[in-house]
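Please model the entire structure based on the sequences and the hints provided.
Those protein sequences? They're chains U and L, same order as listed.
My numbering applies: residue 1 is where the first sequence begins, and numbers increase by one.
My numbering applies: residue 1 is where the second sequence begins, and numbers increase by one.
Watch out, some of these pointers could steer you wrong.
What the hints assert, rightly or not - In silico BS3-like pairs for lysine-lysine, Cα to Cα no more than 30 Å straight-line:
no.	chain 1	residue 1	chain 2	residue 2
1	L	K397	L	K383
2	U	K183	L	K113
3	U	K183	L	K77
4	L	K397	U	K183
In short, the hints are calculated from the structure, not lab data.
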Amino acid sequence: MQADTQLRRPRRRRLSSSVVAILGLIAVFAIVSPDFLSIENAVSILLQSSVLAIIAFGMTMVIVSGGMNLSLGAIPGLAGVVCAMSLRAGAPVGLSVVYALGSGLVCGAIVGFLVGAFGMAPFIATLGMAGIAEGLALALSGGGAVFMPSDAIQRLGSGVFLFLPIPVWIAAAVFAVTLVMLKATVYGTYLYAVGGNEDAARLSGINVALVKLTLYSLVGLLAAVAGLVLAGRMNTAHPSGAVGMEFEAVAATVVGGTRLGGGRGNVTGTVLGVLIVSILRAGLNMTGLPAPWQMVILGALITGTLVADAMMRNRERRYAA
Amino acid sequence: MQCPYLVQLKGICKSFPGVRALNNVDFDLKPGEVHVLIGENGAGKSTLMKILSGNYMQDSGEIILGGKAVTMDSPKKAEESGISIIHQEFNLVPQLTVEQNIFLGHEPRCKMKLFPNRAVSRSDAGKLLERVGLDVGLDERVEDLGVAQKQLVELAKALSLDARVLIMDEPTAALSSREIESLFGIIRQLTGEGVGIIYISHRLGEVHEIGDRVTVLRDGQGVGTMNVADVVLDELVRMMVGRDLSEMFVRSRVPAESGRKIVLKAERLCVDGLLDDISLEVREGEIVGLAGLVGSGRTEFAKAVFGVLPVSDGHIELFGERVTRSNPRNLIRMGVGLVPEDRKDEGIIQILSVQENITMASLGRLFPSGIVKSSIERRTTQKYVDMLRIMTDSLGKQVCFLSGGNQQKVVVGKWLCSELRLIIFDEPTRGVDVGAKAEIHRIMDDLVRQGVSILMISSDLPEVLGMSDRIYVVRSGRTVREFARDEASQEEIIRHAMGGESCAS
Ligand SMILES: Nc1ncnc2c1ncn2[C@@H]1O[C@H](COP(=O)(O)OP(=O)(O)OP(=O)(O)O)[C@@H](O)[C@H]1O
Ligand SMILES: [Mg+2]
Chain U
1 MQADTQLRRP
11 RRRRLSSSVV
21 AILGLIAVFA
31 IVSPDFLSIE
41 NAVSILLQSS
51 VLAIIAFGMT
61 MVIVSGGMNL
71 SLGAIPGLAG
81 VVCAMSLRAG
91 APVGLSVVYA
101 LGSGLVCGAI
111 VGFLVGAFGM
121 APFIATLGMA
131 GIAEGLALAL
141 SGGGAVFMPS
151 DAIQRLGSGV
161 FLFLPIPVWI
171 AAAVFAVTLV
181 MLKATVYGTY
191 LYAVGGNEDA
201 ARLSGINVAL
211 VKLTLYSLVG
221 LLAAVAGLVL
231 AGRMNTAHPS
241 GAVGMEFEAV
251 AATVVGGTRL
261 GGGRGNVTGT
271 VLGVLIVSIL
281 RAGLNMTGLP
291 APWQMVILGA
301 LITGTLVADA
311 MMRNRERRYA
321 A
Chain L
1 MQCPYLVQLK
11 GICKSFPGVR
21 ALNNVDFDLK
31 PGEVHVLIGE
41 NGAGKSTLMK
51 ILSGNYMQDS
61 GEIILGGKAV
71 TMDSPKKAEE
81 SGISIIHQEF
91 NLVPQLTVEQ
101 NIFLGHEPRC
111 KMKLFPNRAV
121 SRSDAGKLLE
131 RVGLDVGLDE
141 RVEDLGVAQK
151 QLVELAKALS
161 LDARVLIMDE
171 PTAALSSREI
181 ESLFGIIRQL
191 TGEGVGIIYI
201 SHRLGEVHEI
211 GDRVTVLRDG
221 QGVGTMNVAD
231 VVLDELVRMM
241 VGRDLSEMFV
251 RSRVPAESGR
261 KIVLKAERLC
271 VDGLLDDISL
281 EVREGEIVGL
291 AGLVGSGRTE
301 FAKAVFGVLP
311 VSDGHIELFG
321 ERVTRSNPRN
331 LIRMGVGLVP
341 EDRKDEGIIQ
351 ILSVQENITM
361 ASLGRLFPSG
371 IVKSSIERRT
381 TQKYVDMLRI
391 MTDSLGKQVC
401 FLSGGNQQKV
411 VVGKWLCSEL
421 RLIIFDEPTR
431 GVDVGAKAEI
441 HRIMDDLVRQ
451 GVSILMISSD
461 LPEVLGMSDR
471 IYVVRSGRTV
481 REFARDEASQ
491 EEIIRHAMGG
501 ESCAS
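Shown next, in the form of structure tokens:
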């Protein structure tokens with residue numbers, strides 16, 4: 001008797017609508033500029049999306065857990081500078097990479113500690129950390145870009161393996177790891193639980209503080225990976241190289257169907273969100289519009305997608321209520 | 001030297017800012033017994049249980065498990081000590097599936113510890129659902145379930161721990177008779193296995209039905225512990241409220257005039273997949289009861305009237321006019337209010353104060369100029385706080401810190417405050433103590449005498465029978481029977497609500 005009155009609401013079709021959006025964008029840009037459809041262009045778009053993708057996968061996990069991380073645009077710069085300075089001081093490549101990753105991990109762990117143990121709002125804690133990380137990067141580098149004196153790191157950013165740039169492979173690996181974590185591990189379920197109803201998670205015996213500490217540390221580490229890739233691609237470490245990318249990562253995550261506020265979302269959607277943002281950027285570039293107008297259009301399109309998304313969700317809520 | 005008690009609580013004290021919630025309370029539990037804990041709203045029952053289950057730490061006093069004193073400093077610790085609790089408010093993660101919720105925090109894992117063992121959790125979850133009599137898919141998201149179904153998921157979750165002590169904080173508040181029967185079946189089976197059960201309820205009839213011993217709390221103090229066989233109901237009520245109280249409010253009956261205006265009329269109302277064919281009328285100054293099993297579509301009907309669920313066929317008339325575009329804002333403006341079933345999610349805003357919640361739906365009426373005068377707001381709130389005897393140390397207290405029953409009173413107060421012409425109450429007295437229940441009933445009676453109309457959804461049959469002028473029985477999304485007040489009886493209503501061969505009409 002209960003079964004016959006259960007609420008059946010339309011399941012989301014977000015993935016397919018993202019795919020349609022991507023195809024639509026490709027079609028539009030292909031008409032505007034025929035070069036758009038070339039293989040080189042496709043590969044270059046993938047290459048350019050990889051840094052954003054690595055950051056956005058981390059962002060997705062954070063948002064699923066009901067949090068926010070504004071330091072993900074600053075940590076990459078710090079990690080790149082740390083690596084470059086350490087190399088210039090004569091440390092071997094391996095050790096320099098460890099230092100760089102360590103710097104991201106420590107930044108993340110500090111945030112995780114503040115958020116997890118002290119219940120600080122993630123927005124505030126990570127905003128503070130963003131300032132600290134960027135400031136440190138600027139101080140260490142003396143304020144400007146630092147040349148990256150290592151072939152290995154350069155290869156990390158611009159090498160090719162099995163027809164694809166190495167950054168794309170790294171992004172793919174990060175995707176695989178985060179996908180499995182969210183979908184298949186107990187820890188992943190805890191992230192959804194904490195994001196969906198933190199009280200319930202706590203009362204179910206989950207150590208919420210530890211879950212958050214681990215999460216922010218891991219995501220800080222991923223941001224450092226993104227920083228190394230970025231520095232390798234440019235041959236130089238820019239202390240503010242990825243600043244602003246945290247907002248693009250949020251946009252890509254939300255466009256990909258992850259709900260701000262937590263409890264729902266996945267990294268597969270984020271892949272599509274990242275592609276949408278990157279294709280837009282690359283396509284607008286090819287149209288030859290002046291850069292400021294490109295920014296306006298990009299901003300408007302992302303906002304438009306979010307509005308459409310909110311409207312769809314409102315409709316769903318009428319069923320779910 | 002075996003300790004005869006599973007649990008002993010000795011001299012427990014607990015204060016919150018502004019309130020002394022527990023003052024030197026003793027409590028104990030033996031294996032295989034059901035120990036009922038009763039008391040008025042805000043007496044401290046839930047607080048005591050939260051201390052035992054590691055959610056709060058006591059200020060002073062001892063928790064003794066099987067003869068050994070322990071510090072219960074986290075829910076995990078309680079779980080490991082064999083204590084499992086069903087909280088008064090739902091503690092499920094809406095976005096997770098039924099299966100994930102059942103095992104949240106203690107999922108069966110593969111050898112590597114990192115991954116859940118889906119095969120084990122699936123088959124175990126299936127068995128648990130069967131045991132509690134819940135017929136939903138394991139992959140159904142909890143947010144798509146109704147209140148009773150959520151309650152049964154909570155039960156399954158608590159059972160999944162195989163605890164020796166099971167605490168149930170108002171498990172039956174959201175259930176109808178059929179689910180309560182199966183819950184009692186499970187309780188008897190568990191006590192047979194030596195599990196001790198602490199049972200909190202405001203349905204005093206249940207004390208004698210399921211309890212072995214009973215403890216009464218009043219204002220944070222233990223008033224006494226007795227064998228259930230040795231007490232009568234009136235005595236329990238007297239111990240709870242500290243004075244004599246006729247347990248039930250008796251409605252003043254006005255002879256029904258046939259010419260009264262129809263306020264709400266639903267004709268063959270359908271909502272895709274949820275309702276087919278609800279037809280009913282509510283007249284001016286009338287209380288109409290809507291009875292039926294949980295999940296029969298009563299709540300969905302209320303939501304359809306309120307414009308929250310889309311009507312797919314049939315129509316609704318309000319105050320003689322056909323409703324075409326209904327949404328909550330329009331309806332409130334027309335003078336229709338819905339007191340929702342799920343207070344935590346739909347009824348109140350947890351982090352706002354008592355005052356803000358009570359006046360929320362009437363600010364426009366109280367302050368047409370748009371400027372809130374806090375003296376008037378305070379006076380209005382105070383009126384409802386006194387009227388409903390809401391126990392709070394200040395009007396500015398955040399609602400999430402009130403006891404469950406007092407939160408319910410805030411929801412009721414909010415809609416009483418907005419001076420409506422038609423009020424739909426969905427389980428108005430869920431979790432409310434006897435005294436306040438009688439008070440809410442008296443207020444309803446006052447309202448209808450002033451010409452307000454009430455549609456009351458309730459799973460509490462004595463309440464439906466005692467309060468309604470007419471009763472409709474809903475089954476599987478249809479109104480199957482209408483009763484005038486003097487034709488209806490508990491047995492008849494249940495028979496029609498369950499349906500099946502026994503009932504041909
Ligand atoms: N976290 C808190 N902060 C402040 N006050 C609280 C808190 N929790 C409970 N209280 C207060 O403690 C008292 C006891 O509350 P409790 O929830 O134990 O009552 P109860 O007996 O369970 O009532 P009900 O039958 O309504 O569920 C109430 O006055 C309540 O307002
Ligand atoms: Mg309570």
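Next on the checklist: When the structure is checked against the list of hints, which entries are broken? Sort them ascending.
Outcome noted: Per hint list: single violation, 4.
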